[in-house]
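Asks: Going down the list, the protein sequences come from chains A and B. Under our numbering, think of the first position of the first sequence as 1, with each following residue one higher. Under our numbering, think of the first position of the second sequence as 1, with each following residue one higher.
Hints are computed from structural coordinates only; laboratory data are not their basis. One thing to keep in mind: the hints can contain errors.
[Unchecked claim] Cut-off 20 Å, straight-line C-alpha distance, at most; resulting in silico cross-link-like pairs (EDC-like, lysine to aspartate or glutamate):
| hint | chain 1 | residue 1 | chain 2 | residue 2 |
| --- | --- | --- | --- | --- |
| 1 | B | K191 | A | E30 |
| 2 | A | K112 | A | D101 |
| 3 | B | K481 | B | D434 |
| 4 | A | K11 | A | D105 |
| 5 | B | K461 | B | D483 |
| 6 | B | K62 | B | E82 |
| 7 | A | K33 | B | D198 |
| 8 | B | K307 | A | D105 |
| 9 | B | K62 | B | D200 |
| 10 | B | K102 | B | E113 |
| 11 | A | K86 | B | D200 |
| 12 | B | K179 | A | D92 |
| 13 | B | K298 | A | E30 |
| 14 | B | K543 | B | E532 |
| 15 | A | K33 | B | D200 |
| 16 | B | K298 | A | E40 |
| 17 | B | K238 | A | E30 |
| 18 | B | K150 | B | E339 |
| 19 | B | K90 | B | E60 |
| 20 | B | K174 | A | D92 |
| 21 | B | K284 | B | E228 |
| 22 | A | K5 | A | E32 |
| 23 | A | K73 | B | E297 |
| 24 | B | K298 | A | D101 |
| 25 | B | K184 | A | D92 |
| 26 | B | K298 | A | D92 |
| 27 | A | K73 | B | D237 |
| 28 | B | K238 | A | D105 |
| 29 | B | K356 | B | E388 |
| 30 | B | K400 | B | E500 |
In this text, all values refer to a predicted model and were calculated from it rather than measured experimentally.
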Amino acid sequence: MSNFKIDIREKENINVIDLKGYLDAHTAPELEKIFQNLIEVQKFNIVVNCEELNYISSAGLGVFMAYIEDVRKHNGDIKLSNMSAKVYNVFDLLGFPLLYDIAKDEAEAIKKFISVKK
Amino acid sequence: MSIPVLQSEKKHLENVFDMQSLFEFSNVVNASLDLKFIFNHFILTLMGKLLSLRGIVLLERKPGIFCIESVKGLPSDLINTEIRIAKIPKRMINIEREDIRKNPWLKLFKINEIHFLLPLITRDRIVGIAGVSPDRRKKKLNKQAMAYLKSIANIAAAAIDKGLYINELAVINKQLDRKIQELKTLFEVGKEFNGVLDADRVVKLLLFSVMGQIGVNRYVLCLTQGGEMEVISSRLDKEFDRKLCAYFPSIESPILIGNLKRKADQAVQKQLMDVGIQVLVPLKLQNQTKGILGLGEKLNRETYSKKDLEFLSSLGNLAVISLENARLFREAIEKQRLEDELLIAKEIQRGLLPAKLPAIPTFDVAATNISSKQVGGDYYDIITLSHEHYVLAIGDVSGKGTPASLLMANLQATIRALVPLGLSLGELTKRVNDLICENTGSGRFITFFWGILHVESRTFKYVNAGHNQPILLRADSTIEKLDKGGMILGIMKAPNPYQEGEVTINTGDVLVLFTDGVSEAMNSKGEEMGEERMENVIRMNSKESADTILSKIVEDVREYSRNTVQSDDITLVVLKAIIPDCSLEN
Chain A
1 MSNFKIDIRE KENINVIDLK GYLDAHTAPE LEKIFQNLIE VQKFNIVVNC EELNYISSAG
61 LGVFMAYIED VRKHNGDIKL SNMSAKVYNV FDLLGFPLLY DIAKDEAEAI KKFISVKK
Chain B
1 MSIPVLQSEK KHLENVFDMQ SLFEFSNVVN ASLDLKFIFN HFILTLMGKL LSLRGIVLLE
61 RKPGIFCIES VKGLPSDLIN TEIRIAKIPK RMINIEREDI RKNPWLKLFK INEIHFLLPL
121 ITRDRIVGIA GVSPDRRKKK LNKQAMAYLK SIANIAAAAI DKGLYINELA VINKQLDRKI
181 QELKTLFEVG KEFNGVLDAD RVVKLLLFSV MGQIGVNRYV LCLTQGGEME VISSRLDKEF
241 DRKLCAYFPS IESPILIGNL KRKADQAVQK QLMDVGIQVL VPLKLQNQTK GILGLGEKLN
301 RETYSKKDLE FLSSLGNLAV ISLENARLFR EAIEKQRLED ELLIAKEIQR GLLPAKLPAI
361 PTFDVAATNI SSKQVGGDYY DIITLSHEHY VLAIGDVSGK GTPASLLMAN LQATIRALVP
421 LGLSLGELTK RVNDLICENT GSGRFITFFW GILHVESRTF KYVNAGHNQP ILLRADSTIE
481 KLDKGGMILG IMKAPNPYQE GEVTINTGDV LVLFTDGVSE AMNSKGEEMG EERMENVIRM
541 NSKESADTIL SKIVEDVREY SRNTVQSDDI TLVVLKAIIP DCSLEN
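From just these sequences and the hints, can you work out the full model?
Replies: Below you can see the structure in the form of structure tokens.
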């Protein structure tokens, strides 16, 4: 019984990951696998849409920490979007807004990728 | 065109204006919790009233230390400058009337052309100080202006005081939230650790949680494995020298590498800093350091706080308990697996040994195999070729457990397949060796002895392939050792047939084939029994039946190795010629 779900789709050549439910110590390895797969096939422009993310724990944040450098090394980025106040609060508490690009919504996050390319 | 106003009326208007302005100021600053806004509004109100071109506000940040928070008409780089003021004036002062030599801190204001200093007092406590330089025309302040300034300073002080409290509360709240987050993490990870018996997953969860909570992505994790600290996982920009692990078991509490002061630590300190490690956290189980977590710089470049270290210790200790559980679980499984395997090996071995010994006319024969707990690869066999010819064989396969049993099965099958070919024993042994060589991997071999007994002539032709030399005790108590043969089976293909030996076994002679489980049985001091002791037992019992001789030898081995665990199989074959030659002829 896992109340966590990950969907992945492509939009304007950007890989969008939809997180749903609880990202915690138990489910963190699932997100890790997704990042690993994307990096393996050289997809480095990633938006993580947190619209339906109800909860994130330190272990969940740790996955972002573990892969951000690999992605940025290849001129990509992991941008986050559509965060609820509750989830943002955890990011904020641990100082993540300094390290990560957090956009209001998905469109804004995607636009940031595209404007950088031009 | 100005309308002439009476002096008294002007004063009245000024009064009303002051009151209005005070009221407004009070409303505005009290509605805000933003200190910067309060400073700004305060300073502008002061400057407006006094037609001042410059203004400055300082707050007491630590006892006696005042920090410039806001300036107007002055260089903005003055902001955050700290000055020490031993004794702050309780009333407004005119700097030009003060003795700078007595109060050197006034110099800062003097050079910035601030003329008046106004203490900010609330609840009898000075929270800060404000400075202005009124226009020349306003240099002489009347009583009413003084009262106005004092009021405005008091209102500002109260608002600032409130703002400071709120700010402090916000900081405390954030710290509290962080603490809650830490506890949540510990709780969640602890719960997750409990259910996981897979060490790799525990390590992964530990590292993810640390990276997320602390905001770091450079680490090295070392754990004690088999008595030595080893690197389990690392992510550093430079290679981590494994030799550093030797230093780790001595670490008992978290340390910041930058704080290492002892001379003995300097070399290690330099090496750790070179690879970017800033902090070492011991992972402890029952007060023993079982592992070390080394972390690099936090991504926000802050140094590690005491709270960070406490959190890391707690998390690390939780992880180590879980890792220890995983290890014990793995060991239990492995032990179970080994025991299952041994059971299989024992069954194979038992199946290969003859269930019942053939009766050999005019000879008395007995044999036994007592397998040790680990199951060695001992083997014996007595094969009836014809009513006159019998094969006696004994062997010891290197190694223990299932692999040894399987090789033994291989040997038995080979012997049984080749014996009917009717070749000489030396040639047969060569072929057995060559086949075993082809079928076994390197490092496995068999010491092997076998012979063919011809009942009528009582001759015994044999080949000894590196096996313990069987003892032939003659009726006159002399001993011969059956040593003719060649190299151990399974090492390399033999260029020539093995050398054969031949002896005649006469009435009363006793032949004992044995394996090293007998001659090398250990006593509690770790000394081997040796063959001489066995020879004596055989001698003393030579008049007895083969069965009795065999059990006396076993008894003696048991006696010798009392209080020790039998480490190898014990295998014995005893052959005794019993009925005189003539009896056959009769």
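Asks: May I ask which of the numbered hints given earlier this structure violates, with the numbers listed in increasing order?
Replies: The structure conflicts with hints 3, 8, 9, 11, 13, 16, 17, 18, 28 and 30, although it agrees with all the remaining ones.
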